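Undergrad: Put chain B on the given structure of chain A with help from the hints.
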Amino acid sequence: MTEIATTIAPLAKPDRPRQRSPLYFAWRRFSDNKAAVGAGIVLIILILMAVFAPLITGTGGNEQAFLTQALAFPSAEHWFGIDDLGRDFFGRIVYGARVSLGIGFSAALFSLVVGLPLGALAGYLGGRFDWVIMRIVELFSVVPPLLAALLLASVTRGGLWAIILIAALFGWVNVCLLVRAQVKSFREKEFIIAAQALGASPWHIIWRHLIPNSVSPIIVGFVLAIPLAMMLEASLSFLGIGVQPPTPSWGQMINVGMNFMFFYWHMAVFPTAALAITILSASLLGDGLRDAFDPTLKGR
Amino acid sequence: MINFIIRRTLSMLVTFIVVSIAIFLMMHSIPGGPFDGFEMPLPDNIKARLMAQLGLDQPLWVQYFRYMWGALRFDFGVPFQSPGETVIGLIAHAWLPSLVLGGLGILVGAPLGILLGMAAALNRNSWIDYIASAVATLGLTIPVFVISTLLILVFAVWLHWLPASGWGEPQRWVLPVLAYAAVPLATYARYARSAMLDTLNKPFVTVLRAKGLSERKVIFQHVLRNSAIPMVTIFLPMFVGIATGSIFVEKMFRVPGLGAYFVSSIEKRDYPLEMALMLLITMLFCISYLVSDILYALLNPRIRIDGGQR
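Protein chains in written order, with the numbering used here: chain A, 22 to 321; chain B, 3 to 312.
Extracted from the complex, chain A is given alone in its bound form (with noise of 0.2 Å):
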């Protein structure tokens, strides 16, 4: 009896429960995603380009270097060709990366800004407040965003920080929609109204428990915001009224390539790729986030 007793081994300790966070499932289920996971290394390499272009390009994006062999095709010194002004092409678009990502992302930034204290108030609020902000957001749900971009970048005649605010206006709403159905679906559970009944003053619980609860919603539509802002700059660039020369977007060199493409494909191909390949990495993270997020919207 003793004997067996001590051959036994001792029962292995049993491991302290574990709390996992919604945020480290949210993580699990995002990197089942081989999509989104893929999606997501591809826009943090276009990231690094854009913030080292100097170092992996040759000359700088509006440097007419090489006018003697203008509008030559891709070789190995110059990987995509030379565009017609005579710039290397291949350092254009690694700029071109710049002012479509720092637009994107500035955009969000901005929606963010604007959408999460709107959404939040009127998901709290409700009542007056929100029958005036969804008003508002109905105004913009009419309106086509890019027939009233065509008119504010007329009136702001272009330039970077017009774009980045008009992509804004039309980027808060979603931000904002998206934090007021879930700050609304909160206000009732428990911990509010405990709150509420020690006296916690509207501002403490929105700060402090309706905003981190609203987290997932909050990332999710910060980095959708980002692709729909890169469309607009690369659509108003592609009519002319977007970002202005020689400044490179993607959509004013897809605009001008247009008159090429019979020939020079290269001027016509690659910031189509470009701006194709960005903006789709874009959205599948957005998306992948989303379902990770929120696996009952799986697939939507």
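Read the hints as simulated data drawn from the structure, not as lab findings. Every clue listed holds true.
With a straight-line cut-off of 30 Å between C-alpha atoms, the simulated DSSO-like cross-links for lysine-lysine are: (1) B:K49 - B:K270; (2) A:K205 - B:K204; (3) B:K219 - B:K204; (4) B:K204 - A:K210.
Since the structure is predicted, the reported quantities are computational estimates derived from the model, not experimental observations.
TA: Okay, now just chain B, sitting in the frame of chain A:
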């Protein structure tokens, strides 16, 4: 129900008026006027006389009310860029190609998208589901002019199968229609898939199957019908979207439609035409949302509670 319709209509009317004022103000705050863009600048006194003739010297609110009063009687003025016709006449003849292009695009895209979405929902996590998701994501995220560029490059420049641009003979319609069809196809593939999945997971479908109904009857008589609601409600806004979607497709394929006027009327400060186009689009959007809301309420009695009547 009547209550609901009246309330929605009134709220849309207010929205429309606010938007029209905002557009009018924005339009007039673009620096420069209709007579500043010429190569040879006009003398100031002639410009002043022209402005007075067109009523552009009046205060903005007078101009606004004058224009809206005319608009109520379908008089949208004369476009500055082609003074020989009325705004209505110009829109009427320019809209035909846009309408044909957009109509065909939706006619090609929507049914294909619905079929793709249905097939994806019925074969979840199969290759067809992945293809449908890929198509939906690509179509909704990649700008139309990128799709157009790729279509032209592949089918016109490299393969020489189809003409790259123009309008007229039917073979010139193929590429623009395909480019236009991408968005409806993607939208419907996504909506049809999620609507079908929603319905397939409802308990009543399980009951139908348990009662021994054939799978075909379950799908076509019950599931499809119940998934139609979201598909109906997105149709009208999408149809109105023809107007703005066509700007890019028409520019890429050089189709003589309405799209070019959106940009040129802004560039040339052609106030009457610009305002007419904007009012038209906004009104169509308002009406389509209103009709969608009402259709939705009619098709789905559960949300009528919002109307205050049950």
